[in-house]
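Chains as they are written, first to last, in the UniProt record's numbering: chain G, 1 to 205; chain X, 1 to 205.
Quick caveat, the hints were computed from the structure, so don't treat them as lab data. Check before you lean on any hint, since a few could be wrong.
What the hints assert, rightly or not - No farther apart than 30 Å at their CA atoms in a straight line, the calculated lysine-lysine pairs in the DSS-like style are these:
1) X:Lys41 x X:Lys84
2) X:Lys23 x G:Lys196
3) G:Lys84 x G:Lys178
4) X:Lys205 x G:Lys131
5) X:Lys23 x G:Lys178
6) G:Lys146 x X:Lys205
7) G:Lys196 x X:Lys146
8) G:Lys205 x X:Lys131
9) X:Lys178 x G:Lys23
10) G:Lys205 x X:Lys146
11) G:Lys126 x G:Lys178
12) G:Lys23 x X:Lys23
13) X:Lys205 x G:Lys126
14) X:Lys178 x G:Lys178
15) G:Lys192 x X:Lys146
16) X:Lys178 x G:Lys196
17) X:Lys126 x G:Lys205
Now for the letters of each chain:
2 protein chains.
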Amino acid sequence: MSTGTLYIISAPSGAGKTSLITKLLETLEGAEMAVSHTTRKAREGEIDGKHYHFIDADTFLNGVHNGDFLEHANVFGNHYGTAKKSVDEILNKGVDVILEIDWQGAQQVRDLMPGCLSIFILPPSKEELEKRLRGRGTDSDDVIAKRLGQSVDDIQHYSEFDYVVINDDFDESVETLKSIFIANRTTLERQKLRNKSLLEGLANK
Amino acid sequence: MSTGTLYIISAPSGAGKTSLITKLLETLEGAEMAVSHTTRKAREGEIDGKHYHFIDADTFLNGVHNGDFLEHANVFGNHYGTAKKSVDEILNKGVDVILEIDWQGAQQVRDLMPGCLSIFILPPSKEELEKRLRGRGTDSDDVIAKRLGQSVDDIQHYSEFDYVVINDDFDESVETLKSIFIANRTTLERQKLRNKSLLEGLANK
Chain G
1 MSTGTLYIIS APSGAGKTSL ITKLLETLEG AEMAVSHTTR KAREGEIDGK HYHFIDADTF
61 LNGVHNGDFL EHANVFGNHY GTAKKSVDEI LNKGVDVILE IDWQGAQQVR DLMPGCLSIF
121 ILPPSKEELE KRLRGRGTDS DDVIAKRLGQ SVDDIQHYSE FDYVVINDDF DESVETLKSI
181 FIANRTTLER QKLRNKSLLE GLANK
Chain X
1 MSTGTLYIIS APSGAGKTSL ITKLLETLEG AEMAVSHTTR KAREGEIDGK HYHFIDADTF
61 LNGVHNGDFL EHANVFGNHY GTAKKSVDEI LNKGVDVILE IDWQGAQQVR DLMPGCLSIF
121 ILPPSKEELE KRLRGRGTDS DDVIAKRLGQ SVDDIQHYSE FDYVVINDDF DESVETLKSI
181 FIANRTTLER QKLRNKSLLE GLANK
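If we strip away everything but chain G, and leave its shape as in the complex, we get:
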């Protein structure tokens, strides 16, 4: 039986999700990102099997047909998806898996992996969210307003998640994310899997 836990991490645009996850993976042992499958071409420096599993559209759609993917989406004409097999391989090593997906994908994965835990990251205020969305470049007010509207739409879904992390202070939020992983490794259920022989040895009269 697997001893790792699948974590879904979602956020509206501008919440700081990707930076948080990058830092989290640097400081937390025993957790890995799931490697997605995609039909888009590999960019320079991208390694097949590490950054993505690069496959052609026929293979991808065949996989969708066979139910191989926990979730999949089409972005700008390219398919992206997370294969259940890729996730299970990591979980079976006793390693936690992180899936960085949107709330729509999170809904799909919850149905297929009921043991997963999901985390939603939020900005500390609407003003800060707007500032972060503006900070990205020199976009027009119209573009910013549209992006802000999209983020606020996404935020409506926070109550579908198990945990809500408000990303006010970056380092504190990394610690909070780390705490969620560590705490869940020490639940009775997890400890019975992770430290079976130690527990049996201690309780043995």
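Since chain G is already given, all that's left is putting chain X on it; use the hints.
Coordinates of chain X only, in the frame set by chain G:
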């Protein structure tokens, strides 16, 4: 409605519980020990209302009769107990409360405070447990064996707890305890209480 969480921390003798809790309280904000009531005399330096609430036996037994105590016990002829009122006062400030009690007390408290979370601390092995029990002084082998037997009896109850922390490395165990508190403050349910207006403001279109 209260926003703090009541934590029960129990352990067999020799697991290192008291040192861990002392260190935890130094490093974790927003958590306090519950102040117990007792019928024993105050020792020098002990402050009424801080270390204990010192009361006489009649008042104590009256409280027991009225159901004022979450748990109580008689140790060497003195009564000790945790008043529900003392705990609720802290919880209502949004502060987490720690109760350091044995597994028997934990059973009583779980019935009366179903929202509580309980943590059991274990030594990393029976050999280490024996070493720690010996380390306490110059007790005879018989006394050590009896104490070890008692600890192993207590260990049987680990599966009644929500979390099991194996105290191998002291600093790591403090971090793990801290993680449990922090993670539980970020569950959806807690965040809806702790950050109600922030969440409403963000989701407001």
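Status of the hints after comparison with the structure:
no. : hint                : result
1   : X:Lys41 x X:Lys84   : 22 Å, holds
2   : X:Lys23 x G:Lys196  : 28 Å, holds
3   : G:Lys84 x G:Lys178  : 24 Å, holds
4   : X:Lys205 x G:Lys131 : 17 Å, holds
5   : X:Lys23 x G:Lys178  : 20 Å, holds
6   : G:Lys146 x X:Lys205 : 12 Å, holds
7   : G:Lys196 x X:Lys146 : 26 Å, holds
8   : G:Lys205 x X:Lys131 : 17 Å, holds
9   : X:Lys178 x G:Lys23  : 20 Å, holds
10  : G:Lys205 x X:Lys146 : 12 Å, holds
11  : G:Lys126 x G:Lys178 : 25 Å, holds
12  : G:Lys23 x X:Lys23   : 27 Å, holds
13  : X:Lys205 x G:Lys126 : 10 Å, holds
14  : X:Lys178 x G:Lys178 : 11 Å, holds
15  : G:Lys192 x X:Lys146 : 27 Å, holds
16  : X:Lys178 x G:Lys196 : 24 Å, holds
17  : X:Lys126 x G:Lys205 : 10 Å, holds
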